[in-house]
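Chain H is already provided as a structure; the job is to place chain R on it using the hints.
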Amino acid sequence: MPKRYHIPTRAAPPRFRRIGKFGIVDRREDCSACHSCVKRECVYDCYSDEDNRLRKIGGYADYLYECKSCLCCVQSCTKGLLSRKVNPEFQALGDDFWTPDIISTTWYQAETGKIPVSGAGYGGPFVGPGFDEMWTDMSEIVRPTRDGIHGREYISTSVDIGRKFPRLSFDTKGELTGTSQPLVEIPVPVIFDVTPGRTENFEFPASVGVAAASAAHRLGILSIVRPADLSDSFEPFADAIVPIFDEECHPEKRWLERARMAEVPDGEDVVEKIAAIKKLNSSLVVAVRRRFNRRSAERVLQLAESGVEVIHLYADCAGREWEECSPRHISRVTREVHLALVEARIRDEVTLIASGGIALAEHMAKEIICGADLVAIDMPVPVALECRVCGSCRRRIACPVELDTIDLGYATQRIMNLIGAWRSQLIEVLGAMGMREVRRLRGEVGRAMFFEDLERESFGPIFGRRKSEVLARTPGGNMM
Amino acid sequence: MKTAELDVMSQKERLDAIPERKVRPAEERFRNPVGKYKVWRSTACRMCGRCVEICPHGVHVKPEGYRRFLPPRDDLCRGFRCREMKRFCPDHCPQGALRVELSPIYESLGDCRWTADLILSTWRMAETGQLPDGDLEYKAGSSGGGFDRIRFRFPEAAPPTGCDEISTAIELNRRKDDERPRMRIDIPVYGGGMSFGSVSPITMLARARACAAWNTFTCTGEGGYPERLVPFKDYVITQVATGLFGVREDTIRRARIVEFKYAQGAKPGLGGHLLGDKVTPAVAEMRETVAGSSLFSPFPFHSVYSVEDHKKHIDWIKQVNPAALIAVKVSTPVDVDMVAVGSYFAGAHIIHLDGSYGGTGAAPDIAKKNIAMPIEYAIPRVHAFLMSEGIRDEITLVASGGIRTAYDAAKAIALGADGVVIGTTELVALGCIHCGNCESGRGCARGIATTDEELVQKMNLGWATQRLINLFNAWHIQFVGILRNFGMTSIAELRGRTDLLIHLDYEGQPQT
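Sequence order for the protein chains is H and R.
Letter by letter, the first sequence follows residues 1 to 480 in my numbering.
Letter by letter, the second sequence follows residues 1 to 512 in my numbering.
The following block holds chain H by itself, in its conformation from the complex (with noise of 0.2 angstroms):
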């Protein structure tokens, strides 16, 4: 039997103590010593140990970090002194994007490598921005013939990157033409990419990028990196290092020699550039990177017909293109960019990386659904890793999850969890709709639902046009 790919998850517990979502408040001052709280009602045992919580730093605090929410204690209470609040350095965790409760499913995956679940149905707003005005399809009957039958553990999350010929060709004599192109397969469709920079409101420690790295290299994915930033902490790990090309700053050829592909930023003569690339090593994959913005879909188009093998198009930090007007989530402009792709009958042929605002595991399917072939991301590491998405960092302040002394092996552990976690939640879609590997699911809007569609389908033939200042306040219209 094949060896089958496997990420080996180990709980990593966190270094910092967790922020929970809810705390009990306790009004000691009549608290007639009954015990009751402690004795009885706490399922999770979250009193018992009480003495050595008072022993340690945080005291009662803890509670805020431990408690399950269930109400027990509060509703069983002899005097009714305790209750219930929503923690508030919960809700001031990250920022609008980077909403408290994305923070802590990520934790908690890169704390257990495990799939998030929960019981009592889907609690969150019925349609959002961006990835939440789309559906993933199922397959009620499976139909052999159109989707094959499987196990979870056949399906195949593989993609290439790379230039991909349409056809073989022969010269006269009969002899294959063409040079071999390189290609790197990567398990998992999902790369590292350098971590937001100053620009973004973060300047993350030297030990992420690392780390990232590591995590990369045991993978068997990708983790790009800006040149300046390499250094010896990086060489365990060369084979998965995709350098940047910057303006100013070329990599070392120590790590072009190992690297299996390579970034240049897009310009007037990046067909020259890459090809410059290539004499120093032949086999590695070359990138061009650029960001999403309104000519995106033209620039693509030109470079994929000018050969070029891979493009690694990328949004801001919050899924939106580089737009001052009205900038369109990551998720449209994809489906653009695709479909451009597809009319010229080139789609095929050149691999597409997309980038910003991918949080969720589900945020990789979706927009692989849209047409990426695969995604790379940012903040979703130093999340991994504890990140408070605090900023802190960007302010010259001192991390309150000291991410500069992080250890490397733990650190890997985390970002190992979390992409295992992720994979085992891409598999469990691709299961649902029948899909046998994750190929066959770029650009395949027909196993997705959108909101503008059912809206139309489904409520259109009953209540008529949907409201214009409706239409603008939600997905389908022009906030994101």
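Mixed in with the good hints, there may be bad ones.
[Stated by the list, open to error] Partner residues are not named here, just some residues of chain H that face chain R (Cβ under 7 angstroms, in silico):
| id | residue |
| --- | --- |
| 1 | 83 |
| 2 | 137 |
| 3 | 173 |
| 4 | 454 |
| 5 | 458 |
In case anyone wonders, no lab produced these hints; they're calculated from the structure.
For each residue, glycine too, the CB sits at the ideal point set by N, CA and C.
Frame of chain H, contents of chain R only:
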């Protein structure tokens, strides 16, 4: 026979008998009920008793002969509304010792689909059997789409019905090509599948007893049901899922409705999974498996790859039990309308659509949120397609997956369903607070969805049954109220009346 034995005997008989369809108070089982408001009494109180006189809701209690007050009954407080009636207790307290504020627990309760108001109002309905008074929003949540943006367009004056009796009953077997029994349920609601093992035996039994009282059905989910449920077998739907747990000839023969579960809304396309911890010896015996080992019901049915295969399945059950109706439970993929029509031609009596946002048991978050479409979209699609195929009146369409309130149910019916299936609402009526930790540790801390022997004792069967009977009563009152407002005499008249609905985000004119 000794008195103690007699007691046991008579109690056993009572438990086996179908309870009366009668509303009785079933108060909160915890010592401190949760309310929307919190009433604080400071030490400045001089015990004058003015608040007891002024409060119309009995929040302040000073029993005869007591010097001090009991703690205020926060759950009965109607908050700032009392000001309108000039009965706001803090305004009347001579010492200024009273303060009323929004309860911090209320502020931390629920989410945008199951808001704190919906949870508290469901508790009130289960407690009293009546509509909640005060300012609790008991009709819709605040998720910003679907049912939460749909409203009924009631006429200004209700047209006369010409009939006092308003029927909320629906027919389950509508096939004209079929000799199987006609079955009616008295409310357009039945209980969704929750298996023995995933919920406590008391929850299971209470659901069956309450459904028997209301002449409707409950479903045991996969895995069969314990002997104690057998007296209510006429009100229990037996489920056949891919694991075929608990499926035996005798269990199929005693069922009046057999449900095929192809998929479920909370985890469409993922199959079922009962964690090893929940597979107690009793569960294992029922399922004919080994205690402590996790049980999977993988997706999909590997014997069904087409509608023809599906028919073969249905024929099998029909052969084993010539009197049973067949229900088919499917999720809501993009081609859900085709699946529904296929099920009809395969011989099903009931097609049950389970939308993506609902579900009671533990499921991957990614599946609950993202896979398959919300039920609001699926109902009108399927209804319209069945109409265009000319078979709408030959099949019963029921919907589930995010039906939280009687108004949701009525909206689902107006969108085109015949009835609805509920699950989470019943659990909320029993005291579920939506913490979502159904699977962690020993299971549900509130004793609803657990098989832990100690935690199961947190709930009493009589109380649980009464809570559900009360809930159904409150829903019945609302159904009758809605029908009366439209001048209808039967809930069947409401089906597919989309003209009676408006969507707050639409301009309101149907497309031509």
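Grab the minimum C-beta distance from residue 458 (chain H) to chain R and call the hint holds if it beats 7 angstroms, violated otherwise.
holds (4 angstroms)
Residue 454 (chain H) as an interface hint toward chain R, with CB separation required under 7 angstroms:
holds (5 angstroms)
Please verify that hint: residue 137 (chain H), Cβ, nearest Cβ of chain R, below 7 angstroms or not.
holds (5 angstroms)
Hinted contact residue 173 (chain H) with chain R - closest CB pair below 7 angstroms:
With a minimum Cβ separation of about 49 angstroms from chain R (threshold 7 angstroms), the hint on residue 173 (chain H) is violated.
Minimum Cβ distance from residue 83 (chain H) to chain R below 7 angstroms?
At about 5 angstroms, which falls below the 7 angstroms cut-off, the nearest Cβ of chain R leaves the hint on residue 83 (chain H) intact, so it holds.
When held up to the earlier numbered hints, the structure conflicts with hint 3 and nothing else.
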